[in-house]
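Novice: Sequence:
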Amino acid sequence: MGVTLAAMIGAVGVLLINRRQDKRRGAAEDAVAKAAQDYFARFQIRARTIGALLPDDSMVLMVETPPHKKLRFSYIIEPPIKNFIRVQTGVEVARIFWRFPIPPKKTSAPDVKYADADTIQLDSEQTQPSADETAAPPHESIETEMETDDYFRQHQSYHIEEVSWEDFSSITQSPEEASAADAKPTDVKK
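With the numbering used here, the residue at position 108 of the sequence shown is 288, and numbering never jumps.
Hints may contain errors.
Claimed, not checked - Restricting the straight-line Cα-Cα distance to at most 27 Å, the calculated cross-link-like pairs of lysine-lysine (DSSO-like) are: (1) 214 <-> 249; (2) 285 <-> 262; (3) 214 <-> 250; (4) 203 <-> 249; (5) 262 <-> 286; (6) 214 <-> 203; (7) 203 <-> 286; (8) 249 <-> 262; (9) 250 <-> 203; (10) 262 <-> 250; (11) 262 <-> 214.
The hints are simulated quantities; they were obtained by calculation from the structure and are not laboratory data.
Given the sequences, and given the hints that come with them, work out the whole structure.
Specialist: Here it is in structure tokens:
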């Protein structure tokens, strides 16, 4: 009886400890998410943040925000975010994962014209197809975004060639540098 009672008390103790750890994990995750929200609010950036404590006890922050110019270089802004969260909560964020959802293009649905049920030919009605039906469809040019870009219209192909360092330097330097380089003697014999 005593062993059974001790085992039950031990099991209840383990459950209470696990519940307390889960509450602490949840509180830490919520604190990290709130601190990240505060950081983004300082810069008027709408963001949805979620903190997640991984099994190896490392904290991960997940950020979902519309594409924004201020967030273009995430590797530059991640250290200040991590530092802000560490100061506010005392929790070290190991990684930040970004998600920039892009709204789908608003495209109109194609007009579909369904044939009348009376005009649909059944398989049992075998007829010879007309010349118009057997002819290949006309070539339609489908314009894509790449085709509408003026740069790609002007540059249909690229030409790549090897150039000597002197030719490259003369092409890339400004006119002032070129005139100064011409004034200096380049070949000095000893």
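Novice: Next, verify each hint and record whether it holds.
Specialist: These are the hints, each one checked on the structure:
no.: 1; hint: 214 <-> 249; in the structure: 23 Å, holds
no.: 2; hint: 285 <-> 262; in the structure: 34 Å, violated
no.: 3; hint: 214 <-> 250; in the structure: 20 Å, holds
no.: 4; hint: 203 <-> 249; in the structure: 37 Å, violated
no.: 5; hint: 262 <-> 286; in the structure: 37 Å, violated
no.: 6; hint: 214 <-> 203; in the structure: 16 Å, holds
no.: 7; hint: 203 <-> 286; in the structure: 44 Å, violated
no.: 8; hint: 249 <-> 262; in the structure: 20 Å, holds
no.: 9; hint: 250 <-> 203; in the structure: 35 Å, violated
no.: 10; hint: 262 <-> 250; in the structure: 17 Å, holds
no.: 11; hint: 262 <-> 214; in the structure: 13 Å, holds
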